[in-house]
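What follows is the residue order along each chain.
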Amino acid sequence: MTPNPTLLIQQVQITLHGETLLAIDRAIAPGEVLTVMGPSGSGKSTLLAYLAGFMSPVFKAQGQVFLANTRLDTLPAEKRGLGLLFQDPLLFPHLSVGGNLRFGIPQRTANKQAQLAQALHQVGLSGYEDRDPATLSGGQQARVALMRLLLSQPRAVLLDEPFSKLDTALRQEMRTLVFNQLRDAGLPALLVTHDHADTKAAGGPVIELG
Amino acid sequence: MLKPCHTRRLASIAPLLALALPAVAAPDPSDWQSVLAQAEGQTVYWNAWGGEARTNAYIEWVAQQVDERYGIELVHVKLGDTSEAVSRVLAEKQAGNDDAGSVDMIWINGENFAAMKDNDLLFGPWAESLPNYPLTDPDNTPAVRYDWTIPVEGLESPWSSSQVVFYYDTALVEEPPDNMPELLDWAAQNPGEFTYPQVPNFLGNAFITQALLELSDNTEVFYAPMQEDEFDEATAPLWAYLDELHPHLWRSGRAFPSNSADLRSLMGDSEISIALSFSTTEASGAIANYELPDTVRSYVHDSGMIGNISFMAIPYNAEHKAGAMVVANYLMSPEAQAEKQDPEVWGSNTVLSMEQLSAEERALFDDIDLGIATLPPSELGKVLGQPHPSWVDALAEAWQTRYVN
Amino acid sequence: MLLRLAPWILISVLVVPLAAGLLMVILPAFGYLPVLGGETFHFDAWQALWQRPGLYRSILLSYASGLITTLVALAIVALFLAASRGTWLDRGIRRLVSPLLAIPHAAVAFGLAFLIAPSGLFVRWVSPGLTGWERPPDALIVNDPLGLSLMAGLVLKEVPFLLLMCLAALPQLDPERRVTLARSLGYSANIAWLKSVFPVLYPLIRLPVYAVIAYATSVVDMAMILGPTLPPTLSVSILGWFNDPDLDHRYMASAGAVLQLGVTLAALLTWWLGEQCVKRVSQGWLINGARNTGSMAIAVGGRLLLTTTTLLAISAIGGLVIFSVAGFWRFPDALPGTFTLDHWQRILPSVTTPLLNTLSVGLAATLSAAVMVVATLENAVRHHLPVSRSQWLLYLPLIVPQVAFLFGLVVAAESINVRPQMALVIAAHLLFVAPYLYLSLSEAYRRLDPRWMQAAHSLGASPWRAFWQVRLPLLLAPLLTACAVSLAVSIGQYLPTLLLGGGRVPTITTEAVAMASGGNRRLIAVLALLQALLPFIGFSLALLIPRLAWAKRRQMRGVA
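Chains as they are written, first to last, in the UniProt record's numbering: chain U, 1 to 210; chain F, 1 to 405; chain V, 1 to 560.
Keep in mind that a hint or two might mislead.
[Said to hold, decoys possible] Below, in silico cross-link-like pairs of lysine to aspartate or glutamate (DMTMM-like), each with a Cα-Cα straight-line distance of 20 Å or less: (1) Lys552(V) / Asp132(U); (2) Lys117(F) / Asp246(V); (3) Lys200(U) / Glu19(U); (4) Lys552(V) / Glu129(U); (5) Lys552(V) / Glu173(U); (6) Lys165(U) / Asp449(V).
Hints are computed from structural coordinates only; laboratory data are not their basis.
Note that this is a predicted model, so its numbers are computed, not measured.
Kindly produce the complete structure, drawing on both the sequences and the hints.
Take a look at the structure:
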């Protein structure tokens, strides 16, 4: 495996109707989590949408985003190699747990079945492959979503308040799981949140917006 | 099987050759063999009203026959109204489609024929050159040469003859009226039990025309194109009569059934006790179809009833004229006509003259059982001719101005 | 790239034939029809039109029946939804309503006429026992001069349509949350729905409502069966003039068709003005704080009205079933004296071809419409396009009355040498199928949570893979329902099939209408039932397929 690259956000500035919403200029090293904090309306979700490639055309953005030598902001979303973790697990309701995991695995991956079994095992869900995601608990769904993300072999990860909808007990457990996995995989990550506990768990640098 | 009559017919059409006016590439009916040859393999689209299951079944039977005999595929294009086919031809002409029209043959008569003839939408003359045409004895039967007084001039071939008859439920009416004044008296005594279809439906038109002819002293004037200045005087008795009749009609004349079928349903539901039809076998057929009680019988007025003949016409731009001619000719054959007259099949009267047929062919007709509610030909009385279409149009307009508001 | 063209392809497929057809009818309205010798422009046709006896009444009838029908149908649907609390009874009523969409207008009209006529089923059931009537009373119920029975028939058909449209739009408004909130402020549930959900629901079902108005002002088949006759509605008069043997009536018929368009537009404008007024006036009602006034009436009325509508429609169909096996049936017998299968045996052998044609035309039109509509919607969501104003163009074929442009369309097709054939029929059906498909699908399509597609993209799925493997499966149920609606629309088409097919593409509907002209109720009943069969199968499949496909996917079964 090639060493993981750094995610470079160079002089990015997002405007809405000519007014600057936010400006950011940062590099995120492999295994590091950059946390962006701010109240709602501060533009942190827009930043995420911009990086992922889903930003609504009413917003305008300047600047460049690089992953190693690849310029990302001109690529379509699916070619950026950025994995996304949402507030909701967003497991596809028409696919089984296994189907959801497979959806993420790149087509030319060898040994898909073994990877899949390994991933389920890692989060304590061995044997859940054929289950309907709707029958899983919230915590189980969140874990499947995380593994789906990792199996898609992203080169960097964006986290959109991924713990906000979990109950308190589960939240701490998931934080540990997610950040450990990301660190082990050596992926640069950007976390958007308004929860200071998230920041603490992430342990990386913090930007305050708004 | 066809051969013997064939030669006879060829001989008899010889004098008519002069009439035939072959268009550029159009088939020439005087050269029947070449028409037959051209017709083979053609698909003929026959546009005919499709509102009666028995008529449709008969047309289906004809399709089988012409397929076996002449190798023609006959397709029944079922219409809700004949004018739909006229519209089609008109649209094609407007768009400049003069030789590949989609309508090959139309079941037509009266106003639709007049409209198509006036607007040069018909092919021909061809009909009088058909081998079977002489069987109608045209020289002694003016009805096949004048469609509602309009000279046919070989533009359509006769198919079916029909006459207006009344029918009544013997369980509800003791003695049916013999004429229009008696009908008025009867209606006054039995309010709400008679009506007629709304003008300008053809049966509605037929009823007011019948009344006009019965109530007028001099009917000759109606058989020539109408002059504006004669209308008011000639029709005054009719309006006086209708003004008096309407309050006694079904729904007090505030609504009318839309066509003969509606009228028949009203009779079947016992809403009315006397109705009328343009088919002498309607009552028998409807009893067989469970639509009318078997106590229904037909009757006619003493002075005779309006009758007419319906025809086959070929549009000027029909793509398969030869095939259409062959089918039209077959429709006039004794066997097709006898099949049609059988009430079990359809029960529509023949246009052939019995004198022109061989004993064998006549026997086909003699053996038919007309059904319980059908009057035998001897009791149908005199046939009153259809007035000129201009009169019927004017009557329909005047009726609407008077009674629609 | 092709995707970017999709909206324009869709719009031109709909608008170009419409414009061509309209042109070919506007010209004769002003005297230009060379084939009949009309080569100069003048207003003779209009003068003749204004002098028609009963014209003003016809106009008023069309105009009023369009507005009243829509108002009543919308009120029934709104009151039911306000009263409906998702109990098994409410769900049962709802479930009964959707198959009613499948029944063709003409069949409902025949059935209703037979229920309410003085010699109809209702009177038969109580006669002579309660009424002493041995003969039907001489009362003008069907074809009444005010058009009440016509409006009743239209309401029966439009209620299921509007209900379906509402049910499709509701989930995105999260009605439960709104109602719960209002209830926590002390509002009764029904009032809470009317005050907090309906005002936001209405804008979403506005276009379907407009389509209903346009349809009801210009309907032909139902008006012929149930409508007044002295004079009939404007659209029926126009058809009569087009069919008049005197070809010179074409000029007046064309002018009438243009007038019909005007009447429909006037009805739409009136409704729009009404909307503005209600918006102003209702502000006060919305915030007057009344929490329970009328709540009981809504709870009872809402359910009762919809149930009555549904039961009426079902009885109408029941009447058809009885008739299709009836022997002679004398008044006032409650049931036929004898039963027979004759009518079915007479019809069945001849319906194979029409049934196959109906199916091929319906499927072809529905599939092509589905491809175009989905491409258009996909383009819109991919490029974050807002609902554009050009969307209105899609609905033109629904708003312009059929009689106003189909005759012209035939001439237009002939002029470019396109002969009547099945492909032309399919193209003509597309005109009416595509708008309905768009109408029934676009809400579901647009409201699908965009994060599903974002999740798919972030997992590396290309736009097309995400489309096939995520969006389509998630939208399977609404897509199938939209297709079933479209199929039903296609199957019900009479004039387009007859005119563009030159009568050579017989469908079950052309057979049924031709048979209707012969008035044999028993055979009409058989054909009407056959006509209802295909759409019914369509709706059943649209319900069943997602259930089977998602038998093991709990969340998918909840997605409407």
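Evaluated hints:
Pair hint lysine 552(V) plus aspartate 132(U) holds up; C-alpha atoms about 7 Å apart against a cutoff of 20 Å. For the hint pairing lysine 117(F) with aspartate 246(V), the CA-to-CA distance comes to about 11 Å; that is within 20 Å, so the pair holds. For the suggested pair lysine 200(U) and glutamate 19(U), the alpha carbons sit about 32 Å apart, so the restraint of at most 20 Å is broken. Restraint check for lysine 552(V) and glutamate 129(U): the C-alpha separation of about 13 Å stays at or below 20 Å, so the hint holds.
With a C-alpha separation of about 30 Å, the suggested pair lysine 552(V) and glutamate 173(U) falls outside the 20 Å cut-off, and the hint is violated. Proposed proximity of lysine 165(U) and aspartate 449(V) is supported: the alpha carbons are some 17 Å apart, at most 20 Å.
In this structure, the earlier hints numbered 3, 5 are contradicted, and the remaining ones agree with it.
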